[in-house]
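Chains as they are written, first to last, in the working numbering: chain A, 30 to 420; chain B, 130 to 435.
It is worth saying that the hints were derived from the structure and are not from the lab.
Virtual Cβ for every residue (Gly too), placed ideally from N, Cα, C.
Among the clues, some could well be false.
[To be verified] Once the Cα atoms are required to be at most 35 Å apart in a straight line, the calculated DSBU-like pairs of lysine-lysine come out as:
#1 B:326 to A:133
#2 A:37 to B:169
#3 A:137 to B:326
#4 A:131 to B:168
#5 A:160 to B:259
#6 A:131 to B:326
#7 A:133 to B:263
#8 A:183 to B:326
#9 A:103 to A:133
#10 B:168 to B:263
#11 B:259 to A:103
#12 A:131 to A:103
#13 B:259 to B:168
#14 A:160 to B:326
#15 A:37 to A:256
#16 B:326 to A:197
#17 B:259 to A:133
#18 A:37 to B:168
#19 B:263 to A:103
#20 B:326 to A:103
#21 A:160 to A:137
#22 B:259 to A:183
#23 A:160 to A:37
[To be verified] Derived contacts from chain A toward chain B, CB cut-off under 10 Å, selection only:
#24 80
#25 96
#26 104
#27 106
#28 111
#29 112
#30 118
#31 176
#32 180
#33 186
#34 407
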Amino acid sequence: MSSVSLEKVTKIYPNGFEAVSDLDLQIEDGELMVVVGPSGCGKTTVLRMIAGLENISSGTVRFGDEVVNDVPPKNRDVAMVFQSYALYPQMTVAQNIGFALKMKRIPKIEVDRRVREAASVLGLTEWLDRKPTQLSGGQRQRVAMGRAIVREPKVFLMDEPLSNLDAKLRVQLRAEISRVQQRIGVATLYVTHDQTEAMTLGHRVAVLRDGVLQQCDAPQVLYDRPKNIFVAGFIGSPAMNLLEGVLSANLDVLTLGSQKVSLTPAILSRLPGLRQYTGRAVVVGIRPEDLPAASAERPGPVLTGDVHLVEALGAEILVHFVIDAPVVQLDDSSVTKDSDEILVGPTSSGSECVARIEPRHTVRSGDRFSFGVSEDRLEFFDIESGLAIWD
Amino acid sequence: MSALTFKDARNAPMSRSPRGPRRPQPSVQPGLFGIRSWKKSRLVLAGVFGAVSVFPLLYLISLSFQPTSDIQTSNPVLIPTHPTFLNYVLAWSENSFGQYFLNSLVVALGTVVLTVTLSSLAAFAFARYKFPLKEVFFYVFLAALAVPSVELIIPQYLLVLKLHLTDSLPGLILIYTSENLPFAIFLLRGFFEAVPKELEESFRLDGAGSIRVLTRLIAPLSAPALAVVAMFTFNFAWEEFVIALTLINSSAHRTLPIGLNFFIGEHTTQWGPLFAGSVIATVPSVIVYFISQRWFQRGVSLGGIR
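Model the full assembly from the supplied sequences, consistent with the hints where possible.
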């Protein structure tokens with residue numbers, strides 16, 4: 030068991046593509062670190078560099094105090110769960126799970142004992158004599174997990190292990206992975222493009238974009254205090270609403286298109302950095318749940334928009350509406366996530382926003398509807414750099 | 130159309146997944162020129178071709194049990210009228226046939242082992258490693274396939290001479306191996322490349338080195354291809370005549386095809402023993418075929434890796 034640290038790790042492929050740039054990341058012993066980001070952001074490359082399957086162009090990878098840059102994969106004592114599971118088709122489940130132990134020349138009796146133990150943890154006991162082709166997707170995934178945990182490795186790597194499963198199994202196995210990881214207590218790197226997995230599994234989450242680390246923090250911190258527009262837009266489902274607004278000279282009014290939201294001096298004590306943005310355009314981030322339906326018992330500023338889609342989810346209603354504030358253009362389309370939500374994006378008449386309101390309200394598409402704005406939940410970003418304005 | 134649909138439903142496997150792709154249905158009516166008659170005519174065609182290929186073998190077996198007088202008659206028969214084992218006794222006892230058989234077995238098995246080993250290693254390198262001039266080397270191997278092997282006899286002879294291996298079984302094994310390597314490497318490379326990269330990576334992370342990746346992962350998953358290589362190589366070495374005739378001088382090192390040739394004399398041919406010897410010579414090929422057939426099936430059943 031050991032910690033894993035990446036120091037200034039860069040990966041440049043022979044064709045000149047820089048997949049990972051100057052990455053600093055520290056995974057503590059026993060920690061489950063999730064690396065999340067859109068397709069092609071370099072997260073799998075990070076994992077493969079830790080495994081030794083990909084060499085490092087520059088920088089250092091350490092397990093504990095040992096530099097492992099040039100250690101071949103078979104000597105790194107790393108266990109990995111592949112997206113495709115990579116089960117050995119010619120071997121039975123028991124042989125698959127026990128293979129690494131056999132390679133370590135552990136006595137057969139001990140191998141059998143540990144294989145049975147891992148199988149019982151994962152509910153695979155009755156399938157031990159089957160071949161992988163005779164198993165269902167969920168069972169194969171468990172075998173892949175079993176193969177990794179039976180080794181008691183130094184580092185545990187998982188490359189989108191749930192992405193080939195249906196939604197229900199995914200939720201079930203997510204909990205199982207969390208439980209197993211806690212049990213073996215090994216530094217774990219979990220790669221996914223699914224921010225829900227990242228939020229639910231990770232002790233800490235590292236958000237990667239185009240090979241550059243955007244933010245690495247506890248899930249709730251990422252959600253509450255995103256460092257930049259990218260993280261704000263990536264973490265959370267539905268995504269944070271990002272609107273371009275203008276702050277008044279004395280910071281008491283935020284203008285969003287034709288609407289004005291009044292601000293109190295309290296905002297300056299929360300976000301002192303705003304002082305430098307008086308009279309300037311900024312990007313405002315509002316989480317969908319921070320846009321409740323406006324009502325008489327909730328005084329304060331209000332945003333009104335034209336509803337064009339209502340999704341009733343039972344416990345809540347997602348209201349998609351348009352306001353005439355300028356659209357915030359992210360400089361690429363990489364915020365596109367693999368989820369079924371409707372994304373923040375340009376429409377003909379303004380910016381599209383999503384609000385999460387309580388189900389007792391009746392909203393229909395075509396309505397004009399008002400939402401309360403909680404000033405203390407607003408996030409501001411620099412319109413040029415995209416960085417959050419804090420202090 | 131209704132009859133066709135019914136038939137399709139009947140033929141559909143029970144476990145067929147509802148999402149599985151539906152096979153396009155042929156728009157042919159059953160009847161004289163439709164599906165049914167096509168199936169029948171396929172059977173007839175297969176029967177005809179089968180008969181044409183099997184008949185000479187059957188006739189060979191039949192003749193091997195007939196006395197010379199019956200063989201050299203103007204009214205040949207398929208079922209022996211005076212069945213006899215004499216030809217087999219003669220074939221085995223004359224011209225140290227047993228020794229030739231053993232020599233052939235040594236040469237054929239030696240060639241198989243050497244060819245399978247070397248071609249696996251080479252194909253593994255071609256399939257899994259990057260190295261300079263890789264494709265050039267590969268095409269050089271392939272080009273060797275285009276050269277008729279008879280043209281190479283003199284250079285090969287000189288090579289074996291330099292190695293002091295003329296008139297020896299190892300010399301023969303070496304030449305046979307070199308003859309078989311290009312095709313074997315070509316065939317195996319394709320199969321080895323088809324083994325998913327992730328399986329190899331997982332193997333290496335589990336602590337396996339390159340040799341283990343080849344012997345424990347890639348070879349078992351490429352069993353059908355290895356079986357094909359083994360079978361073809363065995364048959365090649367078992368029945369090769371021209372090279373053996375060139376390289377081997379002493380009686381002690383003759384292989385079976387040369388030995389059989391000795392039944393054909395300048396003035397007379399011992400037809401009976403020749404046929405009996407030929408039948409004996411066929412047996413190992415058939416055995417090898419049946420052994421490798423089992424591997425084909427085993428390999429194929431490993432299919433769907435994901």
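Query raised in the report: If you check each hint against the structure, which ones fail?
Result: 2, 4, 10, 13, 18, 23, 25, 34
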